[in-house]
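S.K.: Chains as they are written, first to last, in my numbering: chain A, 1 to 121; chain B, 1 to 410.
Hint data in this document are derived by calculation from the structure and do not stem from the laboratory. Keep in mind that the hints are not guaranteed to be accurate.
[Stated by the list, open to error] Here are the simulated lysine-lysine pairs, DSSO-like style, with alpha carbons at most 27 Å apart:
1. B:K360 to A:K30
2. A:K30 to B:K56
3. B:K178 to A:K84
4. B:K201 to A:K46
5. A:K84 to A:K58
[Said to hold, decoys possible] In silico contact screen, one side only, chain A against chain B (beta carbon under 7 Å); selected entries:
6. T52
7. V113
8. M115
Quick reminder that beta carbons are idealized off the backbone N, C-alpha and C, glycines included.
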Amino acid sequence: MEMVCIACPNGCRLNIEKNEDGTLLVTGNKCPKGIVFANEEILAPKRSVCTTVRTTYKKLPVVPVRTDGEIPKEKIFDFVEETKKIVLDRPYAFQESVIENLFGLGINVVCSVDMNRLVGE
Amino acid sequence: MYDVVVIGGGPSGLAAAVEAKKEGASVLIIEREAMLGGILKQCIHDGFGLIRFGKKLSGPEYAELYIKEVKDLEIETRLQTFVTSIKKSQEGFEIIVTSSKGMSTIVAKTIILSTGCRERTARQVFIHGTRPVGVYTAGTAQNFVNHMGYLPVKKCVILGSGDIGLIMARRLTLEGAKVLGVYEIKCTPSGLTRNIHQCLKDFDIPLYLSYTVTRVFGEPRLTGIEVAEVDQFMRVKPGTEKYIECDGLILSVGLIPENELAETIGVKIDPKTKGPEVNEKMMTSVEGVFSCGNALHVHDLVDYVSEGSATAGKNAAKYVGTKENEANVSSEGMLSLVPQRITEGEHEIIFYFRTLCDRKKATLTITVNGNEENKIVKKYTNLLPPEMERVKLKLNVKGGDKVHFKLEGE
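Same shape as in the complex, but just chain A (with noise of 0.2 Å):
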């Protein structure tokens, strides 16, 4: 089986074969990051995810956010859902939680900006 890994812009090109005792063999990748990425992606596939959610600011319409982990790639939809129900009515700081353990994954969604900045300037 072969599969590109998403971990960094190298983009390596994994080879993966099933040893005898059902561990993954994973030839192609230049670091070990490639090992991990094949062994989830076959188990259980996760994605770190970026969207954009509502202020009341009228200068900052929205603002973007993102997962500070991965998440199951099954659940991105539920989780760009969840960030339509949320409006920002005041100056969240750079990388401050908008939503605190996502779903109970003990994932946070943080904030991408400074918005303190960004509502001043």
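With the hints as your guide, set chain B onto chain A.
M.R.: Relative to chain A, chain B alone:
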């Protein structure tokens, strides 16, 4: 009078200014927008900073870290200020700017051109006919969605598989638009391989290679487009035309370095990169004028933009005005190679290049004046034109030397 005036406050200008200031220079950043950060402001996806900061950041976060440094170092900035012309003067340069305060002149010893690049438009890829609402460059669509909070299309086709197009395919899908497919005129994708996977395959968005858009329909709003297959010479194959109903056509058909200002002061442009020719100090053919970032050559990673721009900033700050002898750099088997000149002496230099074509295995051979004995050989695997390579080399050259880069392999 400033030691260094940086034109453009995007990632390149910020990195150059920070480095110049750290070298002790007096620095001014001129930015035409109301905020610093350039295109990173709307690049809300992550993957930035893995090389520079060792962690995965979004574009705005990457910019924020540099903006904070600019503030901490108390670097002067002039926002919503546009440079209209540059003139050579006795002390260096006179930069004419306009802003809400009117016109004024700024005097600088050295200039760093970090003016970024522009997207190719529909007209530049020969999409003619009416001009319906709904045809956007990927960057414009990105601005609508990520900055203004509008969804500009409901059902769209993306022409061109450049990275911004792939990123927008995913972004529009997340926001609820239907992306019918990405159509690429070449027989290979133009974007990074990982983006094909995480932006298209993850969302089951089809990629059609050797296809192009031939016509657009609709007035005043786009109602559909015509796509067709192309042959190996990118000519439309008659009879393959197909109508697709859609309200949006997003173009991701290439970026061109912005060098209008550079050309007015006689900066020599490299036809391969479409940016200035520079030496390893990032100085252009005009003494005291430096170039970096996407104005110099289009990058695929901002981390390398910062790296090259810091080099420009450092050397602009150190510039004393003595003309140096230089060796020339030439290449074969490459789409582009930067820098194109090297000053006399022994230095460690970072070169950036793109392969001319896909190569599973490749060998890079560097010779000085054709001398085979002291040649440097590097091996590569899986080289693709969309993925820029970086190589650090120690070279010792004299003025007039000819340094040749030869990339070969299948």
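S.K.: Would you mind marking each hint as holding or not holding in the structure?
M.R.: Now the hints, each set against the structure:
1. B:K360 to A:K30: With Cα atoms ~15 Å apart, K360 (chain B) and K30 (chain A) stay inside 27 Å; holds.
2. A:K30 to B:K56: Distance of about 18 Å is within 27 Å: holds.
3. B:K178 to A:K84: holds, 18 Å
4. B:K201 to A:K46: With Cα atoms ~14 Å apart, K201 (chain B) and K46 (chain A) stay inside 27 Å; holds.
5. A:K84 to A:K58: Holds. K84 (chain A) to K58 (chain A) sits at ~17 Å (cutoff 27 Å).
6. T52: Holds - the Cβ of T52 (chain A) comes within 7 Å of chain B, reaching about 6 Å at its closest.
7. V113: The hint holds - V113 (chain A) has a Cβ within 7 Å of chain B, the shortest such distance being about 5 Å.
8. M115: With Cβ-Cβ at 11 Å, over 7 Å, it is violated.
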